[in-house]
Every structure is written in C-alpha cells, then in structure tokens.
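Please put together the full structure from these sequences, using the hints given.
Chains F and D, in that order, are what the protein sequence lines are.
The numbering of the first sequence is our numbering, which starts it at -5 and goes up by one.
The numbering of the second sequence is our numbering, which starts it at 2 and goes up by one.
Treat the hints with care, since some could be wrong.
Taking lysine-lysine and the DSS-like style, the derived pairs with C-alpha atoms no more than 25 Å apart in a straight line are [said to hold, decoys possible]:
| # | chain 1 | residue 1 | chain 2 | residue 2 |
| --- | --- | --- | --- | --- |
| 1 | F | LYS382 | F | LYS443 |
| 2 | F | LYS240 | D | LYS99 |
| 3 | D | LYS71 | F | LYS458 |
What the hints contain is simulated information worked out from the structure, not anything from laboratory work.
Keep in mind it's a predicted model, so treat the numbers as computed, not measured.
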Amino acid sequence: MRTTNWNRFFIICVLASVIAGVAGIQLIRIQNIEGAKQILADSEAYQGINRMIYPERGSIYDSDGRLLAGNEVVYEVGLDLQAIQQPETVASVASSVLGLDYSRVLGYAQMTPGNGNPYFIVLDGFVSKDKIAQLESIKEDYANRSTKRGEGRPNLLGLVWTANNKRSYPEGTLASNMLGFYSFLDRTDGIGYFGVEEAYDDLMAGEPKQVYSAIDPNLLTSLEEVPPGVTVQLTFNREIQAMTEKKLDEAIEWSGAENGTIIVYNPETGEIIAMATAPRLDPNEYWNYSELFPNPKPFNSAISSTYEPGSVFKVLTMAAGLDSGVVTATTTFNDTGSLNVGGATIYNWNMGGWGEVDMTGCMQHSLNVCLAWLGMELGPDRFYSYMKSFGFDRNTGIDLGGESHWPLKLPGDGLWYEVDLATNSFGQGISVTPIQMVTAIGAIANDGKMMAPHVVKAMVIDGKQYNIDPVVVGTPVSAETAHTLTTMLVNSLENEASNALVEGYSLAGKTGTGEIATPLGYTNSSTNTSFVGWGPADDPEFLVYVWLEKPEISIWGSEVAAPVFSDLVSDLVVLMNIPPDSIRLADKLGTSSIAGTE
Amino acid sequence: MKKNLVQAYKQAPWRTQIQWIGIFLLVLVGVAVVAGVYLMISGRAAATGRRIQSLEAEISALEMEINDLKTQYAQVSSAKSLSERAEALNMTLLDPLKAMYIEVPGYVPPSQPALAPPPTVEDISTPVLLPEFTASLWDWLRLQVFIEPNLSTESTESNDTGLISPAPTEVTP
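So, in structure tokens, the structure goes:
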C-alpha cells in the first residue's frame, strides 16, 4: 500500500516538474525572441519622457541695474486631437479669442489623430497672458454652466496651452543699436543678431540639456537643473543713452542730416557711456529689420560705417608730430595757402593763406596745408606707424556684433600715392569708423593710453558677478604729448570762441568737415560734419564724438556738429554729476567738499 | 532499557508538527512585515518623488512669473514713460550753472549696483539632504562597515607619519 502511494506521488512530482520545466523553458524562449526584444525596447518609451530643456536666456541690464532685455511669459496654444470632444466649440472659442480662422481650426479639430495625422497641432505659439485669461474664464464658465437633463455641457477639452519664455525689450528702441535682437519667433534655433545679443549669444543662450523624467514612481529622480544663460550688465546708463538719442534725433531734424552718430565714451576705462545712431529698430518687432535697414545700411553706424572724417583726424596727425619730436606746440609754420605734393595741390578750407602760425593756430584754424606739411615732415613710415598704433588697420574689438573697418592704405599698396600721405594727414583719403576715432582719440584724453572699448561691464554666471576690468590696448603717444595736445585743443577752442564751448567747463576738442568721395571726385556741396571733444580737460571723464552725415543747413562741422556737442555736454555733466570747474577744482584743492547737487 | 531511553527524549509527533507550523508562520509573518515595510517606504518615496517633481515644476513656473513681472515692471518704469511723466509734472533737467552744491561731511556717493555677489565670497555649501536621509539601508551599512572604518584607519596612519590631513570641506568659488 505504502509503495503504491509513493509511486503515485513520484509520478505526480515528475509530471509537475516536467510541466513547470516546459513552462520555464517557454518563458525563457518567449523573452528572447526578436519580437520580445522589440516589445521591451518599445516599452522603454513608456517608462519615461525625454525632454530637451532650453535654459532661460540671460538678461541684459544697464549700469544702474535697469532691465534692458528680459523674458516675459507667453503661451503656446494647441490642439490635443485625442482629447477633443466638441470640435465646433473648440474652433469657435479659439477663433474668437485668438483671432484665428474658424474653418481652419475646425478642420484641425475634426482630424483623427494617427495614420499620418499629427496628435498635436500648434495654433499659436505666442499668445499673451490676457488672452489666456479669457480662455480660462470661458473654460470656467462652461464648467459651472447648469444644464438640463440630457443636454451636454460645452467644454474645451483638447484645447491646451503651455507657458514659455519670450525675449522682451522693455525700453523699445532705446539702445537697440547696441543691444541687437534675438530671433525669438524661432523657439528652438533662435539666435542673437548684432550688438550684445550677437557678441554674447553663446553665453546668454546657456546650454540646452536633454532631461529624462521617469513615469514609474519608483524610478523618479529629481529633475536635472538647467542653469540660465549668462546675464550681462552694460557700461551705459539708461538716462544718458536716452538723452543722447534725443539729442541726436533733434540734431538730425534741425540740420537736415541724412544720418547721425553720437558716442559718449569714458577714455579712462574704455567704457561706452552712450552710443546713439539713427534709425533704431524696436527689437520686439525685429522682423521690420530689412524694411528699416535696406542693404547696405548698417545696423549700427557707430561701429560699421566707414567715412572720411576730415579735420577731426588732425588731432592724431598732430599727436604723431608732437610725440615724434618733429614739432612742438610753439613750432611755427608759414602758411601760404597751398602745398604741392606728388603733383596735386593741397588747399585750406577757405582757399586762403594764414601766414605764420604756430601748431595751436594750425589746429585752431584747421589748416589743411599745415597738417599736410606736418605729415610730409613725419614721412610715410612714421606717419603710418602711428596710425597703426592708433588702431586704424584693424577692428577695435568692441564687444558688439557687426563691427567692420576699412583697410588702411599703406605705401607699397597698389592704390597708395604720395599725395595720400598729405591728404590722410587732414583726414581725407582715409576711411574710419566712429568707434575707431573714439578709441584712438581716447588715448589723447587718457595720458596716451588707448583703452579697449567695451559695453559689457560685468557678467553674472551661476549667481556670481564677474566684473570686466579695463584693458590697455596700446600707448601710441606719451603722456606728455597727450597733455600738450589737450592744452593746445583747449586753447584753440577758447581762442576760436567755438560753438562747442560749455560755460563753466574746460573742454578740449576739434571740429571736422570731411568731403565725400563720389564717382566724379570729391564734392563739397555735401559733407560729413564731425566734432570730437573731451572734458573736464584736466581730468577727462567723458569723450564725445558727433558725426552728422550730409547736413543741409551748413556744410561745416563748426556750425553743425559743434553746437550739438555743446548742447549734449550741457546735459551730460548734469547726468554724470560733474560740477563746473570752479567748484570741482576748489574741491580738489581741498577748499570745499562736494557732496552732491541740489 | 535502550528503547525506553529514546522514547523518553522524543517529542510527541503533534508537538513537532506545531513547532514546524510555528516556524513557518514566523517566517511568513517576517516576510509579510518586510514586504509591508518595503511597500510602505516605496509608496512614500514615490509620493514624495511626485511631490518633488510637482514642486520643481512650480519653481520653474514661479521663476517664469518672476521674470515676467520684472519685465512688466521695466516696461512701466522705462525711460520713455518716466520722461513723459516727468514732463507732465513740469519737471525740467537741471541747469549745471544754477545747481547749488552743498557740503555734507562724511557723504559717500552711492556705488553702482551689483546684480549678484562677487565670486571672491567663499560660501561653504552644505548639502540640503544628508546622506543618512538618502542612502538605502545597504548603502548605509556599506558606509559604516566597509568605507568609514577604512577612512579612519588611513587618517590615523597619515597622522602617524606626521602628515596633516585637514577635514574635507566643500568650498564653492
């Protein structure tokens, strides 16, 4: 009896083991067939979501911490086709609130997702908060609506919206020539164009990151942090920039000039205090760019437009002459009114001779013949060596996108002639950008040290502020030369009773009237009028460069650009809190203490 | 005699069965307790994970909101709008020659505002969650039994050789 039971038990065990074994083998086999691997691979797509997270673009602030470029919230509104229950309601609300075409939205809403059709359709990528508030209000109203028995409640299921960042420029056109713009309509591949937005695009954009978030609660991990892009603080003050732009616009209107540029620069640090050009684009509507700047009009003429500056360039020729020892401030020159160089005759602006004049007189009366003579005395090697030291053979390297320069013609080049040395000496036959002029003449106002011009003062990276130190890019002339020339230019302005003078302040400066080259030769019926000046002369805190292109009221820089300089500096000293010399120098000598203005 | 002796020390069969059933139930209860604890902890971890994700989403939304408000504030206080308001109030720019300068002993002009602290400030960062709160039981055991004893031994050995081993501190620039 016992043996029979044992045998039965043994047979059942064997059978059960065989069945279990077969089932086990089958399990292993099923898990390793191609189909199973495919299912496993497909299942991973449902275990979590891979998302590309774009960091918030860095903001731009002025020197006082006022926002110039930031980010505002806009919404992307779309249709989740799988969730739509009432296509007509969705189309009606979307068309009335968002201003879309009803039949087009209805067509989308009635689509069956899959089989080649999308699951999600974007209706509008940049919807304002106000419109989203309207949609939310309608949605709530539908949810609270009482219905009769058997009657369905209207709903907006399937109409979804998500918040996104959009680049915003709260000051509109203010300083847009320096800020540039970001093509925010392209949400994934937008880039910065011109100005700071272009120069610092990589830093401000940050690093987009692919982030995986698991759906399985047991696999949940903290979302990877995507740090925002670098925030930059600029060197210019918003109020001074606004004032400078206003003065430029008024000057263009008053003078009938085609265009204009004003740069306010700190010669001691190389910081741009203001940079105004016309026209200016509202970066919030950057798609108007090609309309406002038809080719080849530059976006920022201060760094991209080259022109023959005329007599403002004489400052640099005289600096070279003084620094090399060819002349001193008291060296005299007998001006006969003309000078023949390489078969061409150079004349003064009034076609007359001024007799015996010293170097201050040459600058005061802006004598072409005198400066051409000085250029010839320097000789091409020394003259062009100085011009290279002043940076006219290269870009200044200002941290704004879009800078360009015109190559410096040098002896040995096919297009250089001997007369070029003479004409270059008084600023003709040489093309420069306003920023090149500002950087070079800044050296005269800063003890001979030429600073790198820049607009970014500091950067905020990972919550820490890194200040940018001023950089000396060269010392083209000695401090002694710089001081002598500044004194000469202070005297020449005062002796001339220039329109550029500002009561109470000692200023050094020089006018410029550049003839414009045309296919038929130079014309003096329309000119480029300029003025460069700096002050206070004993301790310069600002250098102002004014360029007005083809003014109608006068062809002379002394009559067009100089008064604009004076008008601007009158306001600038207030905004920069620079007291008149009498008070400032008394304070320096210790007889008074300035605390502020009232 | 020998048979009687064996019989005297042998358990009754029903006692043996009860003992086995007891052991089985004890194991079963143990497994159930471990499974229950595991289930409770993983349930709470999952709920906390979801909450963290939700809070992170909220942080992200609030950051967007803050940026939006900053931009809105900048729009209403833009140079143009302030200038218009100043003009409406008949305010004009100061004439520098009409300015009156007054002496204020000890006055220090305001410095330009900084957007963030400078990088020279060293801040010792402390982890928000200590490893005791994030490590699994196994990680903790491994740390206590295998890693930390070795570290303390090395430290002692280093000190024996006269080398200085400062306490590790995390300093971010």
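Status of the hints after comparison with the structure:
no.: 1; hint: F:LYS382 with F:LYS443; in the structure: 14 Å, holds
no.: 2; hint: F:LYS240 with D:LYS99; in the structure: 23 Å, holds
no.: 3; hint: D:LYS71 with F:LYS458; in the structure: 20 Å, holds
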